[in-house]
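Please arrange chains W and G with the ligands on chain L, whose structure you already have, making use of the hints.
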Amino acid sequence: MTLARLTRRALIATAGAAFAAGTLMSAALAQPLEKATVGALALSSSGPIFIAKAKGYFEKEGLDVDVKMFTSAQQVPVAVASGDVDFGVTGLTAGFYNLASKGAVTIIAAQSRDEPGFPLSAYMATNAAYDAGLKTPADLKGKRIAITTVGSTFHYMIGLLAHKHGFTVKDVTMVPLQDVPKMVAAFKGGQVDAIIAPSTVSRQLASDGAGKILGWVGDETPWQLGALFTAPKTMKDRRPLVEKFVRAYKTALAEYHAAFNGKDASGALVKGPGYDELLGIIADATKQKPEIVAAGLPYVDPQARLLVDDVVNQVKFWQSEGQVDKSLDPKSVMDLSVAGE
Amino acid sequence: MRLLVSDLTHRYDDLTVLDGIDLTLAEGEILAVIGPSGCGKSTLLGIAGGIVAPTSGSIRVEGEVPDGCLNPITFIFQDFALLPWRTVEDNIALVLEHHKLSAAERRERVDSGLRRMGLSEFRNALPKQLSGGMRQRVGIARALAVRPAMLLLDEPLSALDAQTRELLMDDFLELWRREKTTALYVTHNLDEALRLADRVCVLSRRPGRIRELVTIEVPRERRQEPSAQAHLAEVRGRLWHLMKAEAQMADREIARA
Amino acid sequence: MPDSLNPTVTPTASTAGQPVRFRGGGFTVKRHPWAALGAFAVLIGLWEGASRLGLASPLFLPPPSAVAHALAGMVTDGSLWLNLKASLARIAVGWVMGTAGGMLVGFAMGIFSTARAVGVPLVSAFFPIPKIALLPLFILWFGIGEPSKFATIGFGVFFPTVIATYSAIDQVPRNLIRMAQSFGLPWGSILRSIVLPGALPGILAGFRITASIALILVVAAEMIGAEYGIGAFVLMAGNLMQTDTLLAGVLVLSLLGLAIGTVLSQLERRLLNWR
Ligand SMILES: Nc1ncnc2c1ncn2[C@@H]1O[C@H](COP(=O)(O)OP(=O)(O)O)[C@@H](O)[C@H]1O
Ligand SMILES: [Mg+2]
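Protein chains in written order, with this note's numbering: chain L, 1 to 341; chain W, 1 to 257; chain G, 1 to 275.
None of these hints come from the bench; they were simulated from the model. A virtual CB, placed ideally from N, CA and C, is assigned to each residue, including glycine. Treat the hints loosely; a few may be bogus.
What the hints assert, rightly or not - Sample of chain W residues facing chain G (criterion: CB under 7 Å; computed from the structure):
hint, residue
1, 51
2, 59
3, 71
4, 81
5, 84
6, 85
7, 98
8, 121
9, 122
10, 125
11, 126
Said to hold, decoys possible - One side only, chain L facing chain G, incomplete, derived with CB under 7 Å:
hint, residue
12, 98
13, 99
14, 177
15, 180
16, 191
17, 238
18, 240
Stated by the list, open to error - Here are the simulated DSS-like cross-link-like pairs (lysine-lysine), alpha carbons at most 27 Å apart as the crow flies:
hint, chain 1, residue 1, chain 2, residue 2
19, L, 212, L, 233
20, G, 131, L, 170
21, L, 164, L, 326
22, G, 30, W, 128
23, L, 102, L, 143
24, L, 35, L, 68
25, L, 316, L, 35
26, L, 188, G, 131
27, L, 316, L, 233
Bound conformation, chain L alone:
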């Protein structure tokens, strides 16, 4: 463990030194670095941001980017709306779209997606429910499912699943428990039939024998999980900054995709170029063991392309659920003029 860390550190240091030479030269010629901040969660889905920062892609664009860590997805768009940070990356929730409808945030590029072959979130059945016939995600109709909150990504995942299998969210009982520990408690206590849980949690529960994994959301219903966003005001007043930021972000995104998202002919994941180095960067930033990070690396589009149709569908879903104002035009929550379609 210690050895592994040491080698990883050494590796990063060498890489850093190699880049330093190039960076120093361009920095000496360029203006002083422009400051910018980005809010992120300490999760592997924020990986491209960590990579862009660690590998100096922001600096190359003349930016001095400070990554501010937040503890819940809800806080990031709020921080963007209040101007505490310039950019944010997190999952898309009803709360996000409500902020967007008030003109406080706008999506400028994609972050991670739920994609087949990338196990991020699992449908899990308790042993009792499994024995009683809950064997596939389609069987979740009519069941009690623990979620974090109304309006969360889990809520939308149930909506997607229901739509795919010809029922609606009204056909399941969603039990909002605010956070994952409480969801796990309700699951272990048999208070609910099922949960949708992040991969680390679901694998732990399955190996503890507390329940069965029925499938993965990425395989069942791929969707646009997260996005890079900023305030419309930043877009308007500081467009060059946004352009530089997105360029650096896309460089990191492409590198991330090449390292982590490649598959062989059989569809199995293969390690791409720079795999260990990038994994080390993400593990450092998230303060997680590399093995754990490796098990839950999400899919990203190498060009930061957003699943526009899915985002429109999300807004419509929340509107039909009464969580987001009906007057919001789904197209208005994004401005992809910098990132490009």
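Here is chains W and G with the ligands on its own, set in the frame of chain L:
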């Protein structure tokens, strides 16, 4: 009822408070106990009333109790000890509640107590609405309601102003004129002792020992008369002399401690 | 001052000597019943004005009119009553359970020294535990139905009630107990007639605190899969970033607190009129 105290000693942990007290109260006698504060007067009363267990020595009572007596040895307190949440009549009724009495008798005991202390019109008042004197009258009425054989009074008038004290002394005289209830009357006021007591017991500073037992030769009813004044003045002089010396030394000991 | 005493100043014929200058006044508490209302009105007016003038973003500080609108919406669609009913039931049951248990234990600790010797360290150890941290455990023990919500509120209320009760018993004047003993009152009567009413002021003061605690904890309790409830409502509004709705829910909570406080004041005035 008679009270017999023999070789009574009391200690609170290491602090000896009473030391070798021998005392007899005759039937119907009123004995005033005076002494510097902290010498153990309240402790003596507590032991006599069975609410403080003495370290050694014996304390006994003997003799008849009056008809209808519910609580032979009964206290009257310096701070009145009234329940502030109960009305005057309910404060008196409190001490009857655990006895098997007919409703009529209960009522009669409360009413006669109120009538004798002139409290009838205040029966529904709360203690906070009464003057200090009236509160102590409630305390006395409560004591009378149990028809006691012996009263233990712990500085009953100390908390009152001078005029009220005079009025209540008259009330006590009237009480003892009607009923010859034995009484141990603790005070630090010589006037009270000289007006009310048959004998006066002077205690030394702590640990309390009996310095002297002084008998007042003039009967209580005649002490206002001019002919009694010479004797009373002489007794007062003797008592004051004894008290002053003890009180001074007690003060010095406190200052040194 | 020295001027007025100056002998060269000759007093006028009509006023012999000098008037005594008034030096008292101030430092007393006067009642200004309308001041608080006025201050509220001014504050709300400023707040509304700031929003109208665009000085405050409606997202960060929704104007009072938006909050009132959200509240009116809750009244007309019936959700206010639905949520209020659910929360009130939880507060009532949880508070009564915590209070009954707390008073029982508090009395035991106030009266029996063994119970106190055992109880004090236990209470000190358990009281400061944030109940929110225990929610996952409560879910395992009591499920996600009403029992776990009662338990959250009940546990929160229990410990302060224990402390308030046994401290209140300590405050009962010992001389009254001695008096009762000297009249031969049995143990049970002393407890009922003296200790209980004597401890009542302290116990009622404790109620004030525990009622607020119950209100705070109803939000925590409704984190556990509550469909209705003011707490659940506030949490959902927060998650959805509907700030006007959020403030409307908070307003309902604080009005509820005000109402409970008023009821307790009345109760105190009734029961403690002897003070
Ligand atoms: N319960 C007690 N425990 C310890 N010391 C006591 C207690 N009660 C009284 N004392 C002490 O015993 C001494 C005598 O008290 P007390 O009988 O009340 O005196 P008095 O009534 O003559 O002033 C005082 O010094 C007092 O501080
Ligand atoms: Mg005393």
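Here is what the structure says about each hint:
1. 51: This interface hint holds because 5 Å falls under the 7 Å limit.
2. 59: Violated. Min distance 15 Å.
3. 71: holds (5 Å)
4. 81: holds (4 Å)
5. 84: holds (5 Å)
6. 85: holds (4 Å)
7. 98: Nearest chain G Cβ about 5 Å off; hint holds.
8. 121: Status violated, d = 19 Å.
9. 122: violated (15 Å)
10. 125: violated (11 Å)
11. 126: Holds. Min distance 5 Å.
12. 98: This hint holds: residue 98/L lies near chain G, its Cβ roughly 4 Å from the closest one there, short of 7 Å.
13. 99: Check passed: Cβ of residue 99/L comes within 5 Å of chain G, closer than 7 Å.
14. 177: holds (5 Å)
15. 180: At 10 Å from the nearest chain G Cβ, residue 180/L fails the 7 Å test, so the hint is violated.
16. 191: holds (4 Å)
17. 238: violated (19 Å)
18. 240: violated (26 Å)
19. 212/L <-> 233/L: violated (47 Å)
20. 131/G <-> 170/L: Cα-Cα ~32 Å, so violated.
21. 164/L <-> 326/L: Holds, at roughly 23 Å.
22. 30/G <-> 128/W: holds (24 Å)
23. 102/L <-> 143/L: With Cα atoms ~35 Å apart, residue 102/L and residue 143/L exceed 27 Å; violated.
24. 35/L <-> 68/L: holds (13 Å)
25. 316/L <-> 35/L: violated (37 Å)
26. 188/L <-> 131/G: holds (20 Å)
27. 316/L <-> 233/L: Between residue 316/L and residue 233/L the Cα gap is close to 25 Å, so the pair holds against 27 Å.
Hint violations for this structure: numbers 2, 8, 9, 10, 15, 17, 18, 19, 20, 23, 25, all remaining hints satisfied.
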